[in-house]
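K.L.:
Which chain is which? The protein sequence lines are A and B, in order.
For the first sequence, the positions run 1 to 149 when this note's numbering is used.
For the second sequence, the positions run 150 to 302 when this note's numbering is used.
FYI, nobody ran anything at the bench for these hints, they're computed from the structure.
All values reported here derive from a predicted model rather than from experimental measurement.
For glycine and all other residues, C-beta sits at the position ideal for the given N, C-alpha and C.
Some hints could be false.
[As the list claims (entries may be wrong)] In silico DSSO-like pairs for lysine-lysine, Cα to Cα no more than 27 Å straight-line:
(1) A/5 <-> B/211
(2) B/154 <-> A/5
(3) B/208 <-> A/134
[Unchecked claim] Just the calculated beta-carbon pair ranges, DEER-fashion:
(4) B/154 <-> A/59: 47 to 55 Å
(5) A/42 <-> B/222: 31 to 39 Å
(6) B/248 <-> A/29: 17 to 25 Å
(7) B/279 <-> A/104: 46 to 54 Å
(8) B/207 <-> A/145: 58 to 66 Å
(9) B/166 <-> A/92: 26 to 34 Å
(10) B/283 <-> A/104: 54 to 62 Å
(11) B/178 <-> A/70: 19 to 27 Å
(12) A/93 <-> B/208: 24 to 32 Å
(13) A/92 <-> B/234: 38 to 46 Å
(14) A/56 <-> B/256: 48 to 56 Å
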Amino acid sequence: MSQLKNIVCALDLSDQSKQVAEYAVMLAKMSHARVTVVYAAPTLTQYTGFHVPPNTIDNFVGEIVSGAERSMADFVAEHFQGVDAQGIVVVGYAAEEILNLAEKEHADMIVMGTRGRKGLDLILFGSVAEKVVKNSKCPVLTIRPTDDE
Amino acid sequence: MADVKKILCPVDLADPLPLAAEYAGLLARQSGAGIVVLYVVPDMSLFPNVNAAPDRTEKFIKLRDSILDGARRSMDRFIEEYFHGLDVKGEVAVGEIAGEILARAEREHADVIVMGTRGRSGLNAVLFGSVASKIVKSADCPVITIRPPDEEL
């Protein structure tokens, strides 16, 4: 039976992320696992066809990523205390990036929220979780926000 | 703080490789949590035509009762095999699968549900995937889903 050695914790750096982090931390402490905390910034390459200069989009995504890297570092420092955790920011389609990372890190479990981001993302992130659940080779722990109603 | 004291593990008793059960067992051993193992026999309302004639209904009830008896015996064996030495309770319920799982999770104050994304035999092979989807979307507690390794589609 598989032990828990590597956990991938996918976050959107929203209000819900704290709750998701708690479960990853609990599991990590229980099993002395290492945690890779990931935020997948959306790629905007699909908009390059819209007569937006490609550089504009790249710069914009670059800014988002460096901002997210700072938020991620702060988040990991605050919410993953006492755990061997590393935060990273990737760019791409969230479900795909999370699944790829899980494979690369030989994850024994993925921990993620079922939704969290606002607006359109609220719909999208649910489907991210669903895609991950359906395609992941390792078990997936999903957490639905409690302040959902 | 997140804590695991009670695990709800819905199972397909006919699954020859119940990864979710193994996983729930592992989690229980690491956390000291108790486990409720649940098998849901689909309710007869899933087969509306059965209600057509009264004697059919009677036959169905008989059939269902014998399924329930069999399920309870299988559950005992299942628990002995996968949850030996753990604080575990087996439950066989009748109803709509996702609804029963969610209701049970609430009643038992489950801290986590551990389940496969689909069963691997018969009707459950079709139903269980959509069940897992519903649970992930609607459960108040976290859900651990485990996909069988050789799942097609």
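K.L.:
Each hint needs a verdict: does it hold in this structure or not?
P.N.:
Verification of the hints:
| no. | hint | in the structure |
| --- | --- | --- |
| 1 | A/5 <-> B/211 | violated (49 Å) |
| 2 | B/154 <-> A/5 | holds (21 Å) |
| 3 | B/208 <-> A/134 | violated (38 Å) |
| 4 | B/154 <-> A/59: 47 to 55 Å | holds (49 Å) |
| 5 | A/42 <-> B/222: 31 to 39 Å | violated (52 Å) |
| 6 | B/248 <-> A/29: 17 to 25 Å | violated (34 Å) |
| 7 | B/279 <-> A/104: 46 to 54 Å | violated (30 Å) |
| 8 | B/207 <-> A/145: 58 to 66 Å | violated (47 Å) |
| 9 | B/166 <-> A/92: 26 to 34 Å | holds (33 Å) |
| 10 | B/283 <-> A/104: 54 to 62 Å | violated (31 Å) |
| 11 | B/178 <-> A/70: 19 to 27 Å | violated (39 Å) |
| 12 | A/93 <-> B/208: 24 to 32 Å | violated (51 Å) |
| 13 | A/92 <-> B/234: 38 to 46 Å | holds (45 Å) |
| 14 | A/56 <-> B/256: 48 to 56 Å | holds (54 Å) |
When the structure is compared with the earlier hints, violations turn up for hints 1, 3, 5, 6, 7, 8, 10, 11, 12 and for no others.
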